[in-house]
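Participant: Listed here are the chains, written in short residue letters.
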Amino acid sequence: MTQNNDTNNQNIQILHTQLNDLLEEARKVGKEIDETNQKAREEIDAIHSKINDSLAQIKQTGSGLDKADKEAGDALDSLILQRVNELEE
Amino acid sequence: MKEHMFGDNNKIFIVENSRKKTPEEIEEAKSYRQELESTRLVIAETDRINKKQEAKELLTPTEKAFLVMATREQEAVRKLKETREAKLVEINQDSAKPEAKVEANQDSAKPEAKVEANQDSAKPEAKVEANQDSAKPEAKVEANQDSAKPEAKVEANQDSAKPEAKVEANQDSAKLEVEVGLNNENKALFNATPEEKKGLLRRIYEGLYKVSGVNKIIGKLEIAYSDLRINGLTSKEEKLQEEINRIDKETQLSKKSQSSMQFLIADAKEKGAPIASLEQNISLIAKRAEDLSRKKSDIQEKLTERQEQRDVYINKRREVADKLIGYYDEKIKPMEETLASLQTLKSRLDFKSSAIEITHKKQEADLHSIEERLNSVKESYRAEGRPESEIKKTLKDLEAYLDTGRANIQKKREKILDDKEEQEKKIAEAERLVALHKEKRDEFMRTKEGKPRENKKDKVTQDIKTIPIETETISTEQNIERLPVQSYISRWNEYLKNENIAESLKKPIDSKDFLIETGWSDDFVIDFEDFKKILPRYLKLKGIVVEDGILNASIEDFNKNKAESGK
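Chains A and B, in that order, give the protein sequences.
Quick note on our numbering: the first sequence kicks off at 397 and runs consecutively.
Quick note on our numbering: the second sequence kicks off at 79 and runs consecutively.
Just so you know, these hints were derived from the structure itself, not from any lab.
Honestly, I wouldn't trust all of these hints.
[Unchecked claim] With a Cα cut of at most 25 Å, we get these calculated DSS-like pairs of lysine-lysine:
#, chain 1, residue 1, chain 2, residue 2
1, A, 466, B, 394
2, A, 455, B, 411
3, B, 489, A, 435
4, A, 466, B, 294
5, A, 424, B, 471
6, A, 455, B, 516
7, B, 394, B, 265
8, A, 455, B, 409
9, B, 411, A, 466
10, B, 516, A, 463
11, B, 489, A, 427
12, B, 493, A, 446
13, B, 394, A, 463
14, B, 640, B, 575
15, A, 435, B, 610
16, A, 463, B, 401
Just so we're clear, the structure is a prediction, and the values are computed from it rather than from any experiment.
Here chain B stands alone, though its shape is the one from the complex:
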């Protein structure tokens, strides 16, 4: 007499009441209790999230994922239950056979049973089936047995009270598919896909949920170039090839047997022994060889068909990748040209901003000079005994001019700084976009060539370095040497004749062009700091590329030489 016990997670324990439990059975029972515990926790959490959803509260991504996962698990459990039921029917039928128990126990440990159940976990009709199952006699037996367990009742009640929770969970699962971004045509293709393959597709596309929209195409290309037979699924082609190999071996053996048999027949004939049974055997072997040959031909046909399918897929995949890469190559070139012109604009903006800043600095120095003389006049008025009110009135207009001039400079300076920042952000955005598309093109190439992903720093998101505008305080020190800009240029050009100057720097400055670009007059006066600031920007604008270190050292050296020659 045997008793069959079912858990909600469908572990089957087949034990004989009269027999003492083995240590393995005790261990399995413990494991079963633990699984029951975790199942209860999952149910409780699912219930909590369902309630939250019913209350129209927003679910967190983790909760959504949990709900989907729980639904899949429930379906997996249902599938496992079905498998176990089928097994149970077999066991009942074979109850007299002692090996039935062993087989059932062995099956319960098979990992592939779970894999199968997981693959089918997303089946929407599974619930319908489950309802239909309730009419099955064995399901009733199971239900009655379950009803004896308190935790099973709790679970059953929770589930039965929440039919809409399951529907919502399934809707969430379906939503995830939509999020992959299949177009209508492909959605139709997906919907027409057999349920067991939908599970495979969901797993394949799962990683894409986490990828940003920009990189989805890379993800899809990677999927297309990956081995789609994931999760331990074996290749049909490999199986067919194995079968062909097996047939070939068998055919070889068969041929050897035929030869041996023919030898035996010849020998028997010589000795006058009966050969009828031998001839019958050789005829059977020949028939078997023919069968094998036919079978091989059928399998070979199937294999060829599959290989052709695979080749078509590989070719189409390459066509898509090549078309995409070609289009990127075609479009990236003009993008890079536009970016190059933007870089020139950036250099020009930087140069102009600096030139204006130097002009403002000179104008502030002029205003300062006027103010100093104004103060001197003010003191002289006081020395002449003029009353303060009269002095104030007399100087009012001039002071107003000075204040307005300074305010205008400050206002413009701030505006230029803000504008420059805004424009540099735009240029940085353009640089980011071009770099992003170049990186994508490189990723397409890498994926197509089957190269591993490089673990490189994200160049796209790197900040674009810009030369800041220094807002200097106006130095009114008398010892700062100010020279007409023409003088600086001619001295610099003279300095470039020096043998030690880097070749890349040995390009004299066209003073006329320099004055046009800066907007300065012939007699515009600058100091060394101004020259040091404007020169690198002018050279960059004119495409004279010199390493920063070399240029700075040369400018400092130039200043030193200039000072020594002036002594």
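Here chain A stands alone, though its shape is the one from the complex:
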């Protein structure tokens, strides 16, 4: 009976050890996940920032072209109006 109890206690002890090892392993994986996520956030944020900068640059150039469109449009309006006045109906 005593021997059975000892065996039982030993088994429980082994299970506790296994459990502790698993806990340690889970902690390690959890830490890895946190590190992966942290690094991912930093890397992807850096990419996002560059994308935003590039898009802003393209939009700025685009608005410069829109301004050129407006100026050319006004010049063409003026030319067309003058030309129609020159033409005889």
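Chain A is already provided as a structure; the job is to place chain B on it using the hints.
Facilitator: Relative to the frame of chain A, chain B by itself:
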């Protein structure tokens, strides 16, 4: 005795009461009835829209356009009425002449009369003129004659009850001009333009109302490069040239006549015949030749002036187009460079997302492995007779770690997916903007070179294809071979030595760089599916361009070789 009948659309019928109507007159009368009918419908619809406008209700674009069109038509009718009145006065004056009737009828069929009326349809002062017209005796006659017709009365009442409707319609017409986007300087130029030319300008700019703001400049350039003399208007230059040609012919004839006359004079002198009348004739011919020469010189001057005006216009038009194209060329280059760097960022984002996804997959596999062993421990506790409550308490911390780890992975995975989608939309927007401006530049070139518009699919609005992130379910099958990433790389580099490999692919992978880029450790373990996913993205990131089909076939072939060599 003649009776003159006027319709509201101003068809004139001149008939003799005593005479039976001809089939043509009957047909014309029918046509007149039909036109009256359509006029009534137009008036009724105009009235309905005016009421809607008075009630401050929003008008649909069609209703607005209808109102403008109806106003123009009314003005056209008024103009036509004036023309007919003038003709009528002539007919009255010449009532004794039998040909007057024929002339009047012929005129009523002239299409150019309508064109003229349409051109003037937008004249704001036309209404003022119409009011002034009411004082004219012939207008009164017309009004009295009209009053006998019931439909004319209805129309007159409707019109007279709605003076503000006409004003609003004109305001709408004016609004359309503003919508073209003339700047203040050009608006002043437009306002100073003679009324008949305003009509031409309105027609020229009409198409622009329908064009989006972005493409208005292309529309304006197309207008500038088009023949502005639209709607059958003839070129003054052509007329002047024709006149010069005619004078040249006449001058030639005149010279021939002079020669003949000189011959006759010489002959008459020889024969002693009188030459006074011949000399008088030759003098008249010479005078005519001088007149022609002077006239030609005047016309030539006018023609030269017009040609110079045209050349100045052509040069200025080219200057505007060249300046615009030059500016676009200058700006598009840096835009394309920025876009190229965005494409690299897109590749990097795609690569990083995949590397993180593979890392997450490996971590989930680790968690799964721990869970399996945890379940085994749980069963062992039960076998040892431990109560469930105690087992639950003992395993609580570990289970919490597993749950938290999985939740963190899932949360991050979703965040990366959302972020990636958002960033790809931004890149697509940048691609669209650059493509739009390039397309505009090409359109400017096409218009300037007078080439027809290509009927091509709108590249700008095409969706930008992206490589989706596959969210795989975690495979825990034991038969999936997992190897350290270093092993995959060295085997791949070995595989590239194979003779059958495409040249574009024969660039070995730098394992150190690969590990830095992925953020994986030397002993990081992946399976073939992971390698298949990350390799194309890594190659793209490093600018190694290989056709998708060739790359996929090579990767599959590599896997097959790897399996065979492992046997």
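Participant: A separate judgement is required for each hint: does it hold in the structure or not?
Facilitator: Results of checking the hints against the structure:
Restraint check for residue 466/A and residue 394/B: satisfied, since their Cα atoms lie roughly 17 Å apart, inside the 25 Å limit. Of the pairs offered as hints, the one joining residue 455/A and residue 411/B holds, with about 14 Å between alpha carbons and a cut-off of 25 Å not exceeded. Between residue 489/B and residue 435/A, the direct Cα distance comes to roughly 15 Å. Compliance with the 25 Å bound is thereby established for this hinted pair. For the proposed pair residue 466/A and residue 294/B, the alpha carbon gap of about 9 Å is at most 25 Å, so the pair holds.
Pair hint residue 424/A plus residue 471/B holds up; C-alpha atoms about 21 Å apart against a cutoff of 25 Å. About 14 Å separates the Cα atoms of residue 455/A and residue 516/B, which keeps this hinted pair within 25 Å; it holds. Restraint check for residue 394/B and residue 265/B: the C-alpha separation of about 20 Å stays at or below 25 Å, so the hint holds. For the suggested pair residue 455/A and residue 409/B, the alpha carbons sit about 11 Å apart, so the restraint of at most 25 Å is met.
Under the criterion of a C-alpha separation no larger than 25 Å, the hint pairing residue 411/B with residue 466/A is consistent with the structure, at around 21 Å. The hinted pair formed by residue 516/B and residue 463/A meets the criterion: a straight-line CA distance of about 16 Å does not exceed 25 Å. For the hint pairing residue 489/B with residue 427/A, the CA-to-CA distance comes to about 15 Å; that is within 25 Å, so the pair holds. This hinted pair checks out: residue 493/B and residue 446/A have alpha carbons roughly 18 Å apart, not beyond 25 Å.
Straight-line distance between C-alpha atoms of residue 394/B and residue 463/A comes to about 19 Å, which keeps the hinted pair within the 25 Å bound. Only pairs whose Cα atoms come within 25 Å are accepted, and residue 640/B paired with residue 575/B is accepted, the gap being roughly 14 Å. For the hint pairing residue 435/A with residue 610/B, the CA-to-CA distance comes to about 23 Å; that is within 25 Å, so the pair holds. Under the criterion of a C-alpha separation no larger than 25 Å, the hint pairing residue 463/A with residue 401/B is consistent with the structure, at around 13 Å.
Taken one by one, the earlier hints all hold for this structure without exception.
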